[in-house]
Amino acid sequence: MKHIRNFCIIAHIDHGKSTLADRLLDFTGSVTEREKQDQLLDNMDLERERGITIKSHAIQMEYHYKGEDYILNLIDTPGHVDFSYEVSRSIAACEGALLIVDAAQSIQAQTISNLYLALENDLEIIPVLNKVDLPSANPEEVTDDIVDLLGCDPEDVIPASAKTGIGIEEILEAIIERIPAPKGNPDEPLQALIFDSVYNPFRGVETYFRVINGEIKKGQKIKFLATGKSYDADEVGTLKLKQQPKQVIKTGDVGYLITGIKDAREVKVGDTITDAANPTANMIEGFENVKPMVFAGIYPVDTEDYEELRSAMEKLQLNDASLVFAPESSAALGFGFRCGFLGMLHLEIIQERLEREFDMTVITTVPNVSYHAYTKKEPDTKIIVNNPSDLPEPSKLDRVEEPYIKASIITKADFVGPVMSLCIEKRGVITNQSYLTPERVELSFDLPLAEIVFDFYDRLKTVSKGYASFDYSPLGMRESKLVKVDVLINAQSVDALSALIHTDNAYNIGKKMCEKLRELIPRQQFDIPIQAAIGAKIISRETIKALRKDVTAKCYGGDISRKRKLLEKQKKGKKRMRQVGNVEIPQQAFMAVLKLND
Amino acid sequence: MAGIYIHIPFCRQACHYCDFHFSTSMKHKEEMIEALMTEIALRKDEMNGEIVETIYFGGGTPSRLSPQELEQIIGEVYKHHAVAEAIELTIEVNPDDLIEGDPDKLLQEYKAIGVNRLSIGIQSFREEDLKLMNRAHNAGEALKCLETATKYFDNISVDLIYGIPGLSDEAWKQNIETALSFGIPHISSYALTVEPKTALEHFIKKGVIDDPSDDQAARQFDILVEALGKHGFVHYELSNFGNPGYFSINNSAYWQGKKYLGIGPSAHSYDGTTRSWNIASNPKYIKSLQQGELPLERETLTMKDRYNEYLMTGLRTIWGVSIDRIRSEFGPAFSDHLLEQSQAHIREGYLKLEEDEGETLLKTTAKGKFLADGLASDLFLLNLQES
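If you're matching them up, the sequences are chains A and B in order.
So for the first sequence, the working numbering puts the first residue at 168; every next one is plus one.
So for the second sequence, the working numbering puts the first residue at 22; every next one is plus one.
Hint data in this document are derived by calculation from the structure and do not stem from the laboratory.
Don't be surprised by glycine CBs; every beta carbon is placed ideally from N, CA and C.
Heads up, a few of these hints could be off.
Claimed, not checked - Below 30 Å or equal to it, Euclidean Cα-Cα: the simulated DSS-like pairs (lysine-lysine) are:
id, chain 1, residue 1, chain 2, residue 2
1, A, LYS739, B, LYS325
2, A, LYS738, B, LYS384
3, A, LYS721, B, LYS218
4, B, LYS384, A, LYS732
5, B, LYS280, A, LYS738
6, B, LYS388, A, LYS739
7, A, LYS409, A, LYS233
8, A, LYS579, A, LYS632
9, B, LYS227, A, LYS721
10, A, LYS742, B, LYS373
11, B, LYS65, B, LYS305
12, A, LYS721, B, LYS279
13, A, LYS648, A, LYS549
14, A, LYS762, A, LYS736
15, A, LYS721, B, LYS251
16, B, LYS65, B, LYS50
17, A, LYS407, A, LYS390
18, A, LYS732, B, LYS305
19, A, LYS741, B, LYS390
20, B, LYS172, B, LYS152
21, B, LYS373, A, LYS738
22, A, LYS396, A, LYS429
23, A, LYS739, B, LYS218
24, A, LYS741, B, LYS226
25, B, LYS48, B, LYS308
26, B, LYS373, B, LYS384
27, A, LYS721, A, LYS732
28, A, LYS407, A, LYS482
29, B, LYS390, A, LYS721
Claimed, not checked - Quick look at which bits of chain A chain B covers, simulated, 3 or more residues with Cβ under 8 Å:
id, stretch
30, 714–724
31, 727–733
32, 739–747
The shape of chain A in the complex, shown without the other chains:
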């Protein structure tokens, strides 16, 4: 046990986490020349393309230091606020963390919130100043920022460049010298923390765990405490670049477990693995059932593909337990599913995976958060509203509550004004403002979650010219004055476009929605009125003028092939549209409300 080090990396997106991880693997000889591939730990194509880590990963390195062999378990963490619970579980599996800070950009909000998580879990923090080789690097000032934040010695900060390899040896030395070895009792009953799981279509769900006490053996009868289910440990092993089966994973070590589980929902991140016959009395603290934050309807573009969509969603759920869905129907779109997501990124990922992995083109309706509604008749009975259509009639409605969050925004002093304006526009209330350094300010706001779900991130980036970072945590439900804004296309109400909006913003947003839809819905053979309404009251109207000309003048011998191919392409485009009444609505129009300010 004294030769094991478990650590994670805390960093802001783009601060070089994945590159540094690659460099560590390289330096310790954990990858061969042939296996090299940028961002080794990001398995999913989507992760590599977007340059972010969606799932947590883990990898084991061996390192010879001062005549002794050490095992270093790196637990990579997801780099997006949508997955903050997974981050917290990864942190709980470690004794130390590398805090990577970009020497040019300094500390960002998400880094801070993850750092606090690490400090709460008593992790030893090793600050690394990355990208010191960049011309724009500002090492002295950023080192000061880090010293201020951690209260550490400036000498503790390791200057590094994951790109050129500067500082890698010093980082490895610090991991061994500064991070404590795991403490645990090999003689106690098995107690292991699940920090992630990965779906393997051939072998079932692979569970990643960290042994806290006891040990786990191949063939052992085990039990998951939160779900109460028992399994045989068919295979256990350590996570090198490829899995290495072992007879036993001992106290303090990190490994994988295969039990033949086919459904990812049985493996809950944060759950405790124990021995079925001799269970531990203590479940590891901090377990939560993951709760979806954002809801949206997902419908097949072609109504006939409903069953196919169901089967695709079920398969996705097998490897993404955080996805929840239930059947629903829409007057405009027919049969589909109301789905819950961890956040907007998660929603986009699901939509993209449906398209890539299942060739399913879907329509995603306007996303919303989960509201609580109370009627006048039963003012104490909570009605959960995950779909704007479920909101009771205005005449029967007593009140509505919406989820609030505590937002932390770190920005340069120059941008405090624009950031505040944005947050106030988003119905935010400032609760704190503190200068981390004379240049950098942390602003705290209470904000409705629904306002974050929409175009908040992009707007924040724009108003701060990219110099603002953002993180949030839930605050609970608060009463709000909300109304349902409906959209009528060609005089027909399209429920999939309805949204709950604060009374003060309803008029403005209704207008913008109509304008946006006018842009996004192609002209058709007739005039199409687009209206926004609250109840029976029309608050805005736009018209898409009829198409007057949809034909090319010439069609002779040399034009036919090219023209046919062009019209076939158009037809493919039309297949991605949804017919509502007699109007063809493109898939992206349903998400239009997210991009009202583009």
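Mind docking chain B on chain A? Use the hints.
For chain B alone, coordinates are given in the frame of chain A:
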């Protein structure tokens, strides 16, 4: 029946809207004529001995060649093919070429070499339109050209363009009336179209010329249809109007899926299943034929491709799409699918079904005609399983 199209890739100057293949340099004229004749000889068997019923010189500008040069090429066709007695032999001419020297002599020479149909690129009788489009002739030349041509030829088609920025509806009516005053039996009329990579596109992007508006084009199309209808013209294809007996036989073949052989750079050919096209480069075309090689690419049309093409071309014409022909050529699954798919458009008045001598025909209505491409693409098949 078979038609031969011969592309003459030379022009006096570049019209701003044109995206056809041509060169303004006549330097390699001799080699080009040689190459065209070589291609005719090399491809003599592609017609499977069918009788040639139309020859069409298009371009480019065929009137850039002399009657003697054209005669050489025509001679090569006669050398290798059986040609119908009542052949339709069309040549596209531009007014500036026609009146440059002695128009009477030139027209008589055309007659002498067997040309019996002229397609004249008038485009407009208005100076400002001609300038905007960078045509090589002026308004006076347009009138003079038609006066002379009608002395010698009866079967004349005039090209007119509408939807030109600055062309008012009144001025457009006037253009139509002027053309009709010459008693010609055929008019081809096109909406000014902004093709990619043309000078016109460039000027529009720079804001020098206004973007032609669809509303103006649609209005002027309606004016055209009404005016020509009054004069007894049959609107037999979206952009083509003719007196009975004066429809272009050569062009009708394209819309009816008949075979054609295209000679010359960029020309397309179709043999009923395979479409081929020559390289769109004069030097490369000449070089290849000098080496005795055909500079062409080809693609074989699938059943779906042929079906889609028939819908696309058929809906533009007075003949429409024959449900019976779809049934016999593609099968009942296709005709049933088509009938089902067209229901909504029939209900909304864009398409109609007509019975003609026991045949069921799907056609665009007056309301649907100017939307024909969108309607066709709605009816397209993207894969065969759909039907």
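Structure-based check of each hint:
1. A:LYS739 / B:LYS325: holds (14 Å)
2. A:LYS738 / B:LYS384: Satisfied, since the Cα-Cα distance of roughly 20 Å is no more than 30 Å.
3. A:LYS721 / B:LYS218: Holds. LYS721 (chain A) to LYS218 (chain B) sits at ~17 Å (cutoff 30 Å).
4. B:LYS384 / A:LYS732: The given pair, whose Cα atoms are some 22 Å apart, holds under the 30 Å limit.
5. B:LYS280 / A:LYS738: holds (27 Å)
6. B:LYS388 / A:LYS739: holds (25 Å)
7. A:LYS409 / A:LYS233: holds (27 Å)
8. A:LYS579 / A:LYS632: holds (10 Å)
9. B:LYS227 / A:LYS721: holds (26 Å)
10. A:LYS742 / B:LYS373: holds (24 Å)
11. B:LYS65 / B:LYS305: OK: LYS65 (chain B) and LYS305 (chain B) at ~21 Å, within 30 Å.
12. A:LYS721 / B:LYS279: holds (18 Å)
13. A:LYS648 / A:LYS549: holds (16 Å)
14. A:LYS762 / A:LYS736: Cα-Cα ~26 Å, so holds.
15. A:LYS721 / B:LYS251: holds (24 Å)
16. B:LYS65 / B:LYS50: holds (23 Å)
17. A:LYS407 / A:LYS390: holds (25 Å)
18. A:LYS732 / B:LYS305: holds (26 Å)
19. A:LYS741 / B:LYS390: holds (20 Å)
20. B:LYS172 / B:LYS152: holds (28 Å)
21. B:LYS373 / A:LYS738: holds (21 Å)
22. A:LYS396 / A:LYS429: holds (13 Å)
23. A:LYS739 / B:LYS218: holds (25 Å)
24. A:LYS741 / B:LYS226: holds (28 Å)
25. B:LYS48 / B:LYS308: Satisfied, since the Cα-Cα distance of roughly 14 Å is no more than 30 Å.
26. B:LYS373 / B:LYS384: Since the Cα atoms of LYS373 (chain B) and LYS384 (chain B) sit roughly 5 Å apart, the hinted pair holds (cutoff 30 Å).
27. A:LYS721 / A:LYS732: Holds - the C-alpha atoms of LYS732 (chain A) and LYS721 (chain A) are around 15 Å apart, at most 30 Å.
28. A:LYS407 / A:LYS482: holds (27 Å)
29. B:LYS390 / A:LYS721: Holds: LYS390 (chain B) and LYS721 (chain A) sit about 14 Å apart, inside 30 Å.
30. 714–724: holds (count 11)
31. 727–733: holds (count 4)
32. 739–747: holds (count 3)
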